[in-house]
Amino acid sequence: MKLRKLNSILHRDLGYLFFGMCLIYAISGIALNHLRDWNPNYVIKKFDVTLNEKISRDEINKDWVISLLDDLDMKKEYKKHYFPSNSTLKVFLNHGNVEINLETGKGAMETIRKRPLLNQFNYLHYNPGALWKWFSDIFCVALLIIAISGLFIIRSGKNSIKGWKGAGYTAIGILIPLILFLMYI
Amino acid sequence: MKKFLLPILLFSVLLSACNNPKPAKTEAIPVILSEIKTKATDLMGKLISLDGMVAHVCRESGKRLFLGEESFKVLASNKIPTFKVELEGSDITVTGYLKEDRIDETYLANWEKELQDGAKVQLKEETHTYDAEAKGLDESAITTQLDQIKGYREQIVAGGKGFISFYSLEVESITEKK
Numbered sequence: 001m002k003l004r005k006l007n008s009i010l011h012r013d014l015g016y017l018f019f020g021m022c023l024i025y026a027i028s029g030i031a032l033n034h035l036r037d038w039n040p041n042y043v044i045k046k047f048d049v050t051l052n053e054k055i056s057r058d059e060i061n062k063d064w065v066i067s068l069l070d071d072l073d074m075k076k077e078y079k080k081h082y083f084p085s086n087s088t089l090k091v092f093l094n095h096g097n098v099e100i101n102l103e104t105g106k107g108a109m110e111t112i113r114k115r116p117l118l119n120q121f122n123y124l125h126y127n128p129g130a131l132w133k134w135f136s137d138i139f140c141v142a143l144l145i146i147a148i149s150g151l152f153i154i155r156s157g158k159n160s161i162k163g164w165k166g167a168g169y170t171a172i173g174i175l176i177p178l179i180l181f182l183m184y185i
Numbered sequence: 001m002k003k004f005l006l007p008i009l010l011f012s013v014l015l016s017a018c019n020n021p022k023p024a025k026t027e028a029i030p031v032i033l034s035e036i037k038t039k040a041t042d043l044m045g046k047l048i049s050l051d052g053m054v055a056h057v058c059r060e061s062g063k064r065l066f067l068g069e070e071s072f073k074v075l076a077s078n079k080i081p082t083f084k085v086e087l088e089g090s091d092i093t094v095t096g097y098l099k100e101d102r103i104d105e106t107y108l109a110n111w112e113k114e115l116q117d118g119a120k121v122q123l124k125e126e127t128h129t130y131d132a133e134a135k136g137l138d139e140s141a142i143t144t145q146l147d148q149i150k151g152y153r154e155q156i157v158a159g160g161k162g163f164i165s166f167y168s169l170e171v172e173s174i175t176e177k178k
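Those sequence lines, one after another, are chains V and H.
Read in order, the letters of the first sequence are residues 1 to 185 in my numbering.
Read in order, the letters of the second sequence are residues 1 to 178 in my numbering.
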């Protein structure tokens with residue numbers, strides 16, 4: 001088999017094979033790049049909660065907490081409650097929590113839902129185990145092969161690596177990160 | 001068969017790579033959460049296990065959780081890169097290696113200099129506690145950090161050792177109790 005044909009086959013087949021991985025890393029990459037601007041894993045909503053009547057820590061039991069959650073339409077969400085301090089009640093929900101200051105009777109409820117797909121993509125991006133580590137290593141090697149083989153897909157003309165467009169675009173793609181690096185150091 | 005040679009080859013490499021013999025397991029020393037600070041010196045570098053309820057999981061990164069009423073910090077590691085928020089309120093057994101971060105005057109002076117030089121200093125993992133998260137403190141704000149430095153200086157003087165210690169656990173495994 002000619003080298004050029006092997007190059008094209010590798011480029012094509014690895015491209016197909018790792019299409020899914022490209023999506024996972026590209027999408028989660030954008031999501032995690034903006035970690036400071038938003039929460040890429042969860043949709044978190046906050047609601048103010050005010051007790052109708054003040055209550056002391058000693059009067060609070062599981063039934064009372066469940067009746068409170070009933071008022072908040074969260075009865076089925078009860079998981080556990082505890083007192084981080086004498087004046088604070090914290091209720092854990094299956095998807096969130098409620099924290100109330102018993103002295104003021106005021107607090108907040110937080111509901112937490114996973115972002116579909118993004119949560120799972122981000123989880124994988126963070127390298128959850130040995131199998132994934134090896135698979136993503138193979139993916140990285142495949143990306144190198146895809147990138148290098150891509151340079152030699154077109155034989156000649158302006159679009160080839162020897163032409164002004166191919167060589168120019170490749171140079172620009174290398175220069176941009178290099179310039180940014182020099183700007184940051 | 002030949003048509004699928006490439007994926008088969010890759011899958012074989014994957015399987016053989018994961019077939020490495022696993023290192024022998026070290027038995028973790030069980031430690032009561034409330035006693036960890038007093039026993040910390042003896043536990044450094046040893047694999048320990050802690051039981052407790054997950055009081056909080058960091059929302060943004062999932063890189064840390066806080067355990068029990070002590071709000072003891074557990075850090076993600078290569079073994080477990082992130083913690084799920086769903087763990088909040090669950091009773092868990094966590095194993096890992098105890099880590100001590102000592103904050104002394106040199107550390108604080110460097111930190112203060114960074115801020116005075118106008119650097120945007122993100123929250124310091126060494127000193128980041130559940131208290132700060134619960135109070136909603138913006139630990140990347142300069143004023144918050146200057147207040148923290150002032151507070152730590154006072155604690156160093158009061159402690160008389162010339163430093164203060166922040167302990168955390170670098171996680172090896174987590175088991176959720178049902």
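Fair warning: there could be bad hints in the mix.
Taking lysine-lysine pairs in the BS3-like style, the calculated list, with each CA pair at most 25 angstroms apart, reads [said to hold, decoys possible]:
1. K120/H / K133/V
2. K99/H / K161/H
3. K84/H / K79/V
4. K45/V / K161/H
5. K161/H / K76/V
From chain V, some residues computed to sit far from chain H (all C-beta separations above 10 angstroms) [what the hints assert, rightly or not]:
6. K45
7. L178
8. Y184
From the derived model, a few chain H residues whose C-beta atoms are all more than 10 angstroms from chain V [to be verified]:
9. T41
10. M44
11. R59
12. L75
13. N78
14. P81
15. T82
16. D117
17. H128
18. A134
19. I142
20. K150
21. Y152
22. A158
23. F163
24. F166
Hints listed in this document are in silico derivations from the structure and should not be mistaken for laboratory results.
Just so it is clear, CB atoms sit at the ideal spot from N, CA and C, and this is done for glycine as well.
Each hint, compared with the structure:
A hinted pair counts as satisfied when its Cα atoms are at most 25 angstroms apart, and K120/H with K133/V does not qualify at roughly 33 angstroms. For the hint pairing K99/H with K161/H, the CA-to-CA distance comes to about 19 angstroms; that is within 25 angstroms, so the pair holds. Proposed proximity of K84/H and K79/V is supported: the alpha carbons are some 16 angstroms apart, at most 25 angstroms. Taking the CA atoms of K45/V and K161/H, the gap is about 44 angstroms. The hint is violated against a cut of 25 angstroms.
Of the supplied pair hints, the one linking K161/H and K76/V is violated, its CA atoms being roughly 51 angstroms apart against a limit of 25 angstroms. The claim that K45/V lies off the interface holds: its Cβ sits roughly 12 angstroms from the closest Cβ of chain H, which is beyond the 10 angstroms cut-off. No beta-carbon of chain H is positioned within 10 angstroms of the beta-carbon of L178/V; the least distance is around 24 angstroms. Y184/V, annotated as away from the interface, keeps every beta carbon of chain H farther than 10 angstroms; the closest lies near 13 angstroms.
Consistency note on T41/H: stated as away from chain V, and its beta-carbon is indeed over 10 angstroms from all of that chain's, at 28 angstroms minimum. With a minimum CB-CB distance of about 27 angstroms to chain V, M44/H clears the 10 angstroms threshold, and the non-interface call stands. Not every Cβ of chain V is farther than 10 angstroms from the Cβ of R59/H; the closest lies at roughly 6 angstroms, contradicting the non-interface assignment. The beta carbon of L75/H is kept farther than 10 angstroms from every beta carbon of chain V, the shortest such distance being approximately 14 angstroms.
For N78/H, the condition that its CB be more than 10 angstroms from all CB atoms of chain V is violated, with the nearest at approximately 8 angstroms. Against chain V, the non-interface label of P81/H is violated: not every CB pair exceeds 10 angstroms, the least being about 4 angstroms. With a least beta-carbon separation of about 5 angstroms from chain V, T82/H fails to lie farther than 10 angstroms from that chain, contradicting its non-interface assignment. Non-interface call for D117/H relative to chain V: holds, since the shortest CB-CB distance, roughly 16 angstroms, exceeds 10 angstroms.
With a least beta-carbon separation of about 15 angstroms from chain V, H128/H lies farther than 10 angstroms from that chain, consistent with its non-interface assignment. With a minimum CB-CB distance of about 8 angstroms to chain V, A134/H fails to clear the 10 angstroms threshold, and the non-interface call is violated. Every beta carbon of chain V lies more than 10 angstroms from that of I142/H, the smallest distance being close to 16 angstroms; the non-interface claim holds. With a minimum CB-CB distance of about 24 angstroms to chain V, K150/H clears the 10 angstroms threshold, and the non-interface call stands.
The Cβ of Y152/H lies farther than 10 angstroms from every Cβ of chain V, with a closest approach of about 22 angstroms, so its non-interface assignment holds. Remark: the non-interface label on A158/H is consistent with the geometry, its nearest Cβ contact in chain V lying 22 angstroms away (cut-off 10 angstroms). No Cβ of chain V approaches the Cβ of F163/H within 10 angstroms, the least distance being about 28 angstroms, so the stated non-interface status holds. For F166/H, the non-interface assignment is confirmed: its Cβ lies about 19 angstroms from the closest Cβ of chain V, beyond the 10 angstroms cut-off.
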